[in-house]
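Residue numbers (the numbering used here), protein chains in the order written: chain A, 1 to 113; chain B, 1 to 115.
Since the hints were made in silico from the structure, they are not lab data.
Since this is a predicted model, take the numbers as computed values, not measurements.
Careful, some of the hints might be misleading.
A few chain B positions that, by computed beta-carbon distances, are all more than 12 Å from chain A [claimed, not checked]:
#, residue
1, SER93
2, THR101
3, LEU115
Which chain A residues face chain B? A few, computed with CB under 8 Å, are given here [stated by the list, open to error]:
#, residue
4, LYS42
5, LEU46
6, ASP49
7, SER52
8, GLY55
9, SER96
10, PHE103
We put the beta carbon where it would ideally sit given N, CA and C, even for glycine.
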Amino acid sequence: GENVEQHPSTLSVQEGDSAVIKCTYSDSASNYFPWYKQELGKRPQLIIDIRSNVGEKKDQRIAVTLNKTAKHFSLHITETQPEDSAVYFCAASMNSGYSTLTFGKGTMLLVSP
Amino acid sequence: ETGVTQTPRHLVMGMTNKKSLKCEQHLGHNAMYWYKQSAKKPLELMFVYSLEERVENNSVPSRFSPECPNSSHLFLHLHTLQPEDSALYLCASSQGGARETGELFFGEGSRLTVL
Chain A
1 GENVEQHPST LSVQEGDSAV IKCTYSDSAS NYFPWYKQEL GKRPQLIIDI RSNVGEKKDQ
61 RIAVTLNKTA KHFSLHITET QPEDSAVYFC AASMNSGYST LTFGKGTMLL VSP
Chain B
1 ETGVTQTPRH LVMGMTNKKS LKCEQHLGHN AMYWYKQSAK KPLELMFVYS LEERVENNSV
61 PSRFSPECPN SSHLFLHLHT LQPEDSALYL CASSQGGARE TGELFFGEGS RLTVL
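So here's chain B without its partners, still in its complex pose:
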């Protein structure tokens, strides 16, 4: 499969659960991102990994924990979330490094509902 793929596409969890979102890119990119998309709000950048190092963490609560084991995979570990964390979580990738153009390639997203 090509592009950016995310699993699961839909997730329902209780506030005490622990779950993970997975993202995989097949584009040979060196930078990966987690964005949160809520209704009537701009896309919110959560984390950036460039060359497998976290380079940005935009004041995200510690109940969200990212992991980037290699340049093709990105995880978002979720623990003791709140109902207001319900949203669409989008993964994206870009060229990264000296070849960075600024263009983001998004996955289809994981729709998270916290009960």
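Pulled out of the complex, with its shape left as it was, chain A reads as follows:
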């Protein structure tokens, strides 16, 4: 089955800095790579995703890059703000009649003012 590794487990940055979280996956058949943000005491929510036919995707201050050959993908957050503080999860899956997401262990991002 799929295995997703995520690094780092914790990341502390100053407000305005950039943050990068990296994930690797094992199953070359995986073709969908979402990122979820979970604020303290809240539900995980999708913030951005990328499919295997695309190398990069941006949405305002966040971007995701995918390297299919190396089987790794990364989340980039620029101009970080205190409200970006949360746990971020990467995940990977392949096309199916239902979601087959395998999640990483999560990265706790702390943005200090």
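Mind docking chain B on chain A? Use the hints.
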């Protein structure tokens, strides 16, 4: 109410109790999921129901018993749990079927403490 709702939000039970967690989705989705979230571990998929049929059961102990009476409702029946079962139990839904995109919509979770 819209989205995915879970009740109760918090539950404390003894090891001999029987209780149930409830999940309801108002998104018109056809697939529903139970995940277990423990500290410092990845989200663990427990069960998947697609079009009201159980399609995945990831080696979950029989003390956890899911039920999906229709595409909008999902239950997790709990019986003779162990303290290590204390965790946040998240319900999720997705489009399912031919329209499946892979995106999961999560509920707020039920925080379970087993004494």
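Of the hints stated earlier, which fail here? 1, 2, 7 and 8
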